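Student: Take a look at the letters that make up each chain.
4 protein chains.
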Amino acid sequence: MIGIGVIGFGYWGPNLTRNFAEIPDARLVAISDLQEERLTLAQRRHPGVETTRDFRKLIEDPRVDAVVIATPVATHYELGMQALRAGKHVLIEKPMAASSDAAARLIEEAKRRQLVLMVDHTHVHTAAVRKIEELIASHALGDIYYYDAARANLGRFQPDVNVLWDLAVHDLSIIDHVLPWKPVAVSAVGMRNVPGARESIAYLTLFFAGRLLAHIHVNWLAPIKIRKTLIGGSRRMIVFDDLESSEKVKVYDRGVILEGDPDAAGPTTITYRSGDISSPRLDPTEALQVAALDFIRCIANGTPALADGEAGLRVVRLLEASSQSLAEQGRPVEVEDSWAMVR
Amino acid sequence: MIGIGVIGFGYWGPNLTRNFAEIPDARLVAISDLQEERLTLAQRRHPGVETTRDFRKLIEDPRVDAVVIATPVATHYELGMQALRAGKHVLIEKPMAASSDAAARLIEEAKRRQLVLMVDHTHVHTAAVRKIEELIASHALGDIYYYDAARANLGRFQPDVNVLWDLAVHDLSIIDHVLPWKPVAVSAVGMRNVPGARESIAYLTLFFAGRLLAHIHVNWLAPIKIRKTLIGGSRRMIVFDDLESSEKVKVYDRGVILEGDPDAAGPTTITYRSGDISSPRLDPTEALQVAALDFIRCIANGTPALADGEAGLRVVRLLEASSQSLAEQGRPVEVEDSWAMVR
Amino acid sequence: MIGIGVIGFGYWGPNLTRNFAEIPDARLVAISDLQEERLTLAQRRHPGVETTRDFRKLIEDPRVDAVVIATPVATHYELGMQALRAGKHVLIEKPMAASSDAAARLIEEAKRRQLVLMVDHTHVHTAAVRKIEELIASHALGDIYYYDAARANLGRFQPDVNVLWDLAVHDLSIIDHVLPWKPVAVSAVGMRNVPGARESIAYLTLFFAGRLLAHIHVNWLAPIKIRKTLIGGSRRMIVFDDLESSEKVKVYDRGVILEGDPDAAGPTTITYRSGDISSPRLDPTEALQVAALDFIRCIANGTPALADGEAGLRVVRLLEASSQSLAEQGRPVEVEDSWAMVR
Amino acid sequence: MIGIGVIGFGYWGPNLTRNFAEIPDARLVAISDLQEERLTLAQRRHPGVETTRDFRKLIEDPRVDAVVIATPVATHYELGMQALRAGKHVLIEKPMAASSDAAARLIEEAKRRQLVLMVDHTHVHTAAVRKIEELIASHALGDIYYYDAARANLGRFQPDVNVLWDLAVHDLSIIDHVLPWKPVAVSAVGMRNVPGARESIAYLTLFFAGRLLAHIHVNWLAPIKIRKTLIGGSRRMIVFDDLESSEKVKVYDRGVILEGDPDAAGPTTITYRSGDISSPRLDPTEALQVAALDFIRCIANGTPALADGEAGLRVVRLLEASSQSLAEQGRPVEVEDSWAMVR
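Protein chains in written order, with the numbering used here: chain A, 30 to 372; chain G, 30 to 372; chain P, 30 to 372; chain S, 30 to 372.
Incorrect hints may have been included.
Copies of the same chain look alike in the list, so a pair counts if it fits in one copy or across any two.
[What the hints assert, rightly or not] Mimicking DSBU-like on lysine-lysine, the simulated pairs with C-alpha atoms at most 35 Å apart in a straight line are:
hint : residue 1 : residue 2
1    : 257       : 86
2    : 140       : 86
3    : 160       : 140
4    : 211       : 140
5    : 86        : 160
6    : 160       : 211
7    : 86        : 254
8    : 86        : 211
9    : 254       : 140
Just so you know, the hints here were simulated from the structure itself, not pulled from any lab data.
Nothing here was measured: the structure is a model prediction, and the numbers come from that model.
Chain A extracted, bound-state conformation (with noise of 0.2 Å):
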């Protein structure tokens, strides 16, 4: 029985405290929040916990064993170390880190100290996701042309990040585990629309070593709600709609057929051909109880989590470098290749 701490119980918290309670091999301990009403709530929902406003109370716990953080980014550097250094495992809320370098620090004190280091990646754990993975590694959509991703709704504004950072971040994390490549450099523009508040569109492309292309629209400004994804390969392509009930993962039998040699000199010519559509069943299970149960399995098998501290990284790299290209109106900027350093 795996005892756990949640720090901050605000707008995710209560999601992630629901899903390790109702997980057998895990005991809810303690919810630390810095607002006593939030306190007053996790107890109504929760009867039984312990409750406090000083997260080192939670951390100091005995009984506690797992850390799951879910405040503000700017804070988990800070708490996510402490728990570390207090012999805890340790989930983090995305994005990872506010910068790589706190990144790749809370990477090293973990590996050195042999705990868990997972990141809430959430999406990486949803059946559409998976399958879309399975899709990708089997070769059913050939070479893949592009990864087209649009997120958009109206609000919720974020006071400490902009768009880039609240939503690319589910994307990043997306692209980073169906994708087999890493992007070399990204462009990024995007809009502080309202005054007083932080970039509330970005358009971010992720450019890759070969004839693959990444796009990623977010959008906290839309009238409409969007969750769309379109990934062009040249067997097979993939609509994804996150807001479909019944068939969120379309998969077309769609493409292109280049006739000549496409090395020669003369031009090649381009035919289109058109087969049928299918949508795969997907297990309905909740993402984020799957990836609750990952996180307990890692600690008590001492496998790596599906999305670990390393990829937590890489997703906080492309976020730093899409910073950098976003304040300079989309100039490209590569991505280092320094995470090497860290395995």
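Following the hints, complete the assembly by docking chains G, P and S onto the known chain A.
Tutor: Chains G, P and S alone, transformed into the frame defined by chain A:
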């Protein structure tokens, strides 16, 4: 009665021809194309019209008052210039020319000879775009935050131009028409996914002087057809879906409410409001018919065209700047304000 | 503070319980269910509440002022009558009873004892139905031509009632609420598609005195979920799609225009008009919360419920007539106007 | 080369004419219509074809081998009979005739003279319906539970027939084609919503010998266009949406699983299964082209038409029975099996 000659009876020429054939004040006189089989088709559809493989015969025909050019982009300048020099009014397919220099020279020639020079920016004649223009001009949207367009489908790959010059040209012509400001810089990224072909996917950002950002996503390799534009404003927002049959334009009474002084040091509080959605009735007249009538009206009355040569030039300038940025992975490229010279 | 006891903690009971638990003027006192494991779940979710397998203990509990009955239809009469006789106010799941006779006796008992008797016609408390009611009452639709509802999904087969009593009851409760006229006859057809089960698909027509027709399609064997209602009027028409997240109710300014004298011998000329479409903003409060508050308010103030016993009786009468018609392949069956007696 | 004469150049005649004009083995000879302006339009579109207001001249024209009849229903019998008596093959618009008696006599006349008699049941020639027919015939759906069709839009009101004879005829022709069983009885309800006009909304149920039910909803007064059919089977289910551009037919691997002995006294346990969804690629050839080719092929080879006179008769019988039931508020009416005589 204005005599019309059409050069180019390939993909779009037959549509232009059919629309001019139905206008009472115009008379279809001659059609020119390099391929004999296209001329056979032209004669079958328009019995009695003169057909020729030599465009010079058409331009020199004294019964031809105006020449409609629907040929590949590379030929627009040469054909347009010859027609103007022969004293004919000219309507050119978009993009107007392969370079802004060529476009500017066509404008000068038409001005010197007092001839009508119009570009077939078909979309600006649609009821949907006219309604959007009206909503923006009347300040119904408030401050414009962003203009986000996506135009995708499978094919049709063009041998001579990339996807920006083929598809983004539509959105640039709409943006040029409905937004009262002009872009100051662009950033474009794209990819030559298919060996032997030009860029089949591209993303283009337009920077303006204020808090507005415009972005265009174009794609020849999408499994589904997309024609969707979002326009965000401080008072209302628009979703324009050109594939919808009866609700192409939807106006959302949604937005953010700022509380506190945005110029003060302290943070602004942002809340959201969500009101009614409405979809205005749109005139079902075919846009190309409206365009053809506008061309005839300009010739008859000497009034300026809705999509005149300068609109064509502005769009070509943006395409040129985009090509430059595309070659440098999104490095921002300023758009010269030099069309002011022409005026 | 009104004490609430809930009988039946199966599929719907937990939703009712949760809503009453959140109302300040109500206090959740006791929950009764025949299955021990449901009571365990009830205790986990509502610590401190009394649970029992014997509903009599709940009814006799002096702290219980009002009883909420969420059990199979066959038990509604017996449980409702015992609760009323014990002097408790009663809220019964729909359909109110298995026969109109039983429903009428419950009404009489409640009236005699001056107790509140309410039926959980949840839909009449939704913002969408309240908006439709308002549009019809204000004559915004003009003359009502038809009401056409479709409610379909895969499952959940009921062992004790057919698809009419399970699904059409929702639409009948809405029709009863929003239309100012009462049906005079019904025609129903259906099929027992699955061996050993009751009718899983059915079509029910309601005839009214005038030119109005209502029709309900219900289906337990549909591959997709459908919750769609069309309401046609001479001035405007409504599409109500309960699966839409943000545009549940759309109002179409469309219709026919009659020219010539309809009473004359000669034919009338019919043309069509097509105006704007609008989608009113709807209050997002959960309908069951509104229903629970209405029940508490009725008890506190002695005011009549929006969905009182007579509404429940009217719906049961229609279901009875439907069952009769269903057994005779659609033969029309008149609906007795006998609830007038009750009033 | 088969000479074609077309009687009736109103709404549908031009489509039939255009398709016959494009068939290599057919030659368009003459067009007849009562209105001079329709003949002018016919000449404009088909220069060189003979036009006449007197259909007798067309029928007697020795160059005319086959007559296509696209006139109001009331005239089908008279025109068809005269054409057959003049020794011409005949293709008649649906519904084939205003009465089953008239339809049967046309069949007899054609049989006696060994002429082709075909009905324009266009839908049975669409790729979507051919795919559905194939899925049913191959038992891919298992036992068929129901066939549910909805066909609605605003207008076009017909002066001579009601909405059943105008719209339901399409669905009846599809049902007749794809289901291997014939209905034994019908129940129909409807309403004359608009003063001076025939029934503008109607619901038609078809009863079969087994556990199958078919239902058709037709509506001239709907604010939106609907062309949607659900077909439920024990193994798979179909959603056929004719307004979808690329996914008209979707096959759902969904259904119920019966456990226990359905013939036993005890209740059957029902669970649900939900598998993949697929959308087969469909041939994009225009259905009317396929129909025209079938007619020509039948004349040339003496083979039977896919939609022969007997298919036309069966559909007319169902319409007659429906009209009778409609007049009696849904009273079930048996369908005579008398077309067996004809064979």
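Student: Check the structure against each numbered hint from earlier and tell me which ones fail, lowest number first.
Tutor: Numbers 1, 5, 7, 8 and 9, in rising order.
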